[in-house]
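Below, each chain spelled out in residue letters.
Number of protein chains: 2
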Amino acid sequence: MKLKLLFSCLISAGIALPVIAQETVNPAAVQKIREEGLNHSKVMETAFYLTDVSGPRLANSPGLRRAQNWAVNQLKTWGLVNAKLEPWGTFGKGWEVQKNYAAITVPYYHAIIAIPKAWTPGTNGLIKGDVVVVKADSAIDLDKYKGKLQGKIVIFDVKPLVERTLKPDAIRYTDEELAEMANATPQPQAAPADINSPQFAAIRKARAFQTALRSFVYDEKAALILSQARGTDGTVFTTNGASYADTAKAVAPELETSSEDYQRILRLAKGGQKVEMEADIKTQFLTDDLQGYDVVAEIPGTDKKLKEQVVMIGGHLDSWHAATGATDNAAGSAVMMEAVRILKAINFKPKRTIRIALWSSEEQGLFGSKGYVLNHFGDPKTMQLKPEQAKLSAYYNLDNGTGKIRGIYLQGDSAVAPIFKKWQEPFNDLGATTLTIRNTGGTDHLSFDAVGIPGFQFIQDPIDYSSRTHHSNQDTYDRLIEDDLKQAATIVASFVYNTSERAEMIPRKELPKAQPAK
Amino acid sequence: MKLKLLFSCLISAGIALPVIAQETVNPAAVQKIREEGLNHSKVMETAFYLTDVSGPRLANSPGLRRAQNWAVNQLKTWGLVNAKLEPWGTFGKGWEVQKNYAAITVPYYHAIIAIPKAWTPGTNGLIKGDVVVVKADSAIDLDKYKGKLQGKIVIFDVKPLVERTLKPDAIRYTDEELAEMANATPQPQAAPADINSPQFAAIRKARAFQTALRSFVYDEKAALILSQARGTDGTVFTTNGASYADTAKAVAPELETSSEDYQRILRLAKGGQKVEMEADIKTQFLTDDLQGYDVVAEIPGTDKKLKEQVVMIGGHLDSWHAATGATDNAAGSAVMMEAVRILKAINFKPKRTIRIALWSSEEQGLFGSKGYVLNHFGDPKTMQLKPEQAKLSAYYNLDNGTGKIRGIYLQGDSAVAPIFKKWQEPFNDLGATTLTIRNTGGTDHLSFDAVGIPGFQFIQDPIDYSSRTHHSNQDTYDRLIEDDLKQAATIVASFVYNTSERAEMIPRKELPKAQPAK
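Chain order of the listed sequences is V and B.
Here full-length UniProt numbering is used: the first residue of the first sequence is 1, the next is one more, and so on.
Here full-length UniProt numbering is used: the first residue of the second sequence is 1, the next is one more, and so on.
Okay, chain V solo, but in the shape it has when bound:
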């Protein structure tokens, strides 16, 4: 422990480390990896199959299945072994859109931009109806709509979300921002959220009302609900959708509607104009297989002693459904696949076993990686660990869009700082320069971190992830930046190489405490 404290103090102070066991990299290996990754890349071809060819990859959808099957076959073709779909647990129903059409017809014709909310039903053929504005903040407000919504198209009286901004959509990290990250102090252990605080109570109350509102509208037999989607200019950000549970209650058809179309309909209706619409939405729920699956494959280790140890990389393959989840997260999936392709292409015979996993149902709560961790490594609720937990050196994740790697989040594991600093040096010229002690959240490395396995997400340039692509109808192949993906795959391959070849496993933080279910 003292050594770790010493290291982190010295890192922060910018002082060269006293050498006890100096980390080394193999320059010849780095060169081979760079040559293959930067000059013979297949990452865009992989991305093409995961996005354009597969279609939307919502959890347990036919599109995800197509992508998973393609990935398993492709990994086999590249020479990986044990490539398969591994069940992680029960997920729930699949779902896909099979027809999506809606338009204003009165006062005049206008086809709208809108996306069926995930896991909602269709309209059972073409429906036509009057638009009714529902203004309600609590259950009492709903009484006046009783008996008035049958066959109607319901819209809620909410303010515009249209954000007018003079800022650009797409950004790369500046040197100042990277320096700030590098100089960040370790984050204090987050206090567990106080679920009894007024803020939480307000959120729970708001959520409960939204559910009650939709329940009411469904019971009143409305034909269709329009909800306002975040986004402008034709970009529609979808939400987490309705329930995918096997036993989910029935809900009304719902269109997450572009803000411009939504506000036009609302202004007209509130302005006393009669508004009629038509819609023909068809969706399908799939219940033949409620299991969730992860794609897994390996490059077997060759060292007598070390081959039972494992290096893992991964990212989630599932996406949202309005486009083809290109930056979230075909980008990460394609990069990780490309990383193992690079290592096979240079004929790498690793000491440790290398394993790639492409998770599903990350979007619903990191379920694919959590399930995998539970099945293989341990239970974060009880911290009952399995033998494999002691053998996984590290897990590397990519899930922050198409932007190239600028560095890595150390996730509070200060002892890895000198190691990663050394490993990153050969790629400083490609913009990967930064180490930050800080954590980052919201994706699958957390599942590993929760059971004491070193799990890392790279720092990536944001590009237009938040502003345009994350969970939107604009998350398409066009948003992928080839040079960035090639750079990322090259760096990941090199980190995997080093993790496999170094004498010791990656140093670990203290084991987390058990986190009983909230």
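Simulated from the structure, these hints should not be mistaken for laboratory data.
Glycine is no exception: its CB is placed at the ideal position from the N, C-alpha and C atoms.
The reader is advised that the hints may include incorrect statements.
[Claimed, not checked] Simulated pairs of lysine-lysine, DSS-like, Cα-Cα distance not exceeding 25 Å:
(1) K146/V with K159/V
(2) K99/B with K99/V
(3) K274/V with K159/B
(4) K99/V with K128/B
(5) K221/V with K99/V
(6) K282/V with K159/B
(7) K128/B with K282/V
(8) K42/V with K159/B
(9) K99/V with K274/B
(10) K128/V with K159/B
(11) K128/V with K282/B
[Claimed, not checked] A few chain B residues that don't get close to chain V, going by computed Cβ distances all over 10 Å:
(12) L85
(13) I113
(14) R267
(15) T440
Guided by the hints, dock chain B onto chain V, whose structure is given.
Coordinates of chain B only, in the frame set by chain V:
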């Protein structure tokens, strides 16, 4: 002439003018106009009716007719006289979209964002077909597609237009940019374009081929054409469409397709994947009245000598069809309507007659204003002038989006500089500060300038006109900035007041020479 030269030298040098006849403004009038325009504005309500309620206002469409009739009635309600639709000449057919649905069905379902090209026919019900990629740069390339396109959905092999940028969408003029405009030197007389130059020849050749290409596809009985629209993120910029002439040849149905959807279909088809689509497009051509009409109304002059002289303001009311032409040009139309409303509301009894005109078919070539000028003032081809030409003091135009007024283009008429400088002073605080000797083009003041009548367009902040709204499916009411429109209406009302009340007409440039038809 010498006086004008003297004035412009002194303006450029920033030297105070020697007073011969000092321009004055009436501070009490300015105050009343500001009070009404800034604090009691109806501009957004007007804009609501011109956009949301009327719908798309394509030349001679039902939407334009609705807006024109509403405008005539509203102007009457505000107390203007002689409010009417005045025919300007023969335009051609009206057109509107009555159904717009298209989707990829194979390899999976995906509804696309696409707009029927103006003045193209529908599909006659739901059609389904294979997508075929046509790669052709000249007529010879077309031979291989003979007999292969019947019932197909044709897409052209063209590069992506997707522009990745780190610049913001929305901008206001900086002080530096305004200073540059103020310091600009007069533009030299533009040499007539050399229509025999290689560049023109290349353009003509490319256009001729596009026409031949579509002719071929139509003759080969393709079911539908997809063309790639400029724009990203769900924004679709439409083109000038097919011919609206009474005698126009029949063309194939065509969808101007969002670049992301277009490129996805193209990548799949070129990548050897079978792509099928379905579409149901219904459009209507209207031939009952081929005349074009301008909205005109007046506040009659009251001065015995001056009332036969006229001050005109205007802007075009017609729009493109993918949205509701809010910034192009409901903004200008609403501002001009609001300007005359302000003057009536403050009970202004002008010396000269004030006339407002809301043009149609500006988008097809300034036809509404050109026709009006031909009927009332003269023919720029021959410079045969009518008596009214001598009596119109000035024409003020607004057609550069929702952005507020930052100044005015003097259109080379240097003698007006000291006049407008004085008139603009009471609005310096609202950001209107700049005079530029330069011309600006592309809109209706040019029709007046062409027959020697002072015609002016104001300098407006661009906001996101070029980047998002001009001729796009995103040109909606949401893009209008209320404070900017209120400011513009206030300034226009004051300029009208001053033009009406000043002793002399606005000083004129030399008469242009006759411009025989090219």
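Next item on the list: Take the C-alpha atoms of K99/B and K99/V, compute the straight-line distance between them, and say whether it is at most 25 Å.
Entry: This hinted pair holds, its Cα atoms lying about 15 Å apart.
Margin query: K42/V and K159/B were given as a pair; does the straight-line alpha-carbon distance stay at or below 25 Å?
Written below: Holds: K42/V and K159/B sit about 21 Å apart, inside 25 Å.
Notebook entry, point to check: Is the Cα-Cα distance between K282/V and K159/B 25 Å or less?
Noted result: Given that 25 Å is the threshold and the Cα spacing comes to 33 Å, the pair is violated.
Check: Within a Cα-Cα threshold of 25 Å, do K99/V and K274/B meet the stated pairing?
Finding: 19 Å, holds
Item checked: Beyond 10 Å from every chain V Cβ - status for L85/B -> Per Cβ check, L85/B is outside 10 Å of chain V; nearest 20 Å; holds.
Item checked: Holds or violated: K128/V to K282/B, with C-alpha atoms at most 25 Å apart -> 17 Å, holds
Next item on the list: For the pair we were handed, K274/V and K159/B, check the Cα-Cα distance against 25 Å.
Entry: 43 Å, violated
Check: Can the restraint linking K128/B and K282/V be considered satisfied, given a maximum Cα separation of 25 Å?
Finding: 17 Å, holds
Note to self: Hinted pair, alpha-carbon criterion (25 Å max): K146/V, K159/V. Please report holds or violated.
What the structure shows: Given pair K146/V, K159/V holds - Cα atoms ~24 Å apart, limit 25 Å.
Next item on the list: Report holds if the minimum CB distance from I113/B to chain V is greater than 10 Å, and violated otherwise.
Entry: I113/B is in fact no farther than 10 Å from some Cβ atom of chain V, at 6 Å.
Notebook entry, point to check: Under the criterion that the straight-line Cα-Cα distance not exceed 25 Å, is the pair K99/V, K128/B satisfied?
Noted result: Distance of about 14 Å is within 25 Å: holds.
Next item on the list: Confirm or reject the statement that R267/B sits farther than 10 Å, beta carbon to beta carbon, from all of chain V.
Entry: 5 Å, violated
Hint compliance for this structure: hints 3, 6, 10, 13, 14 are not met, and every other hint is.
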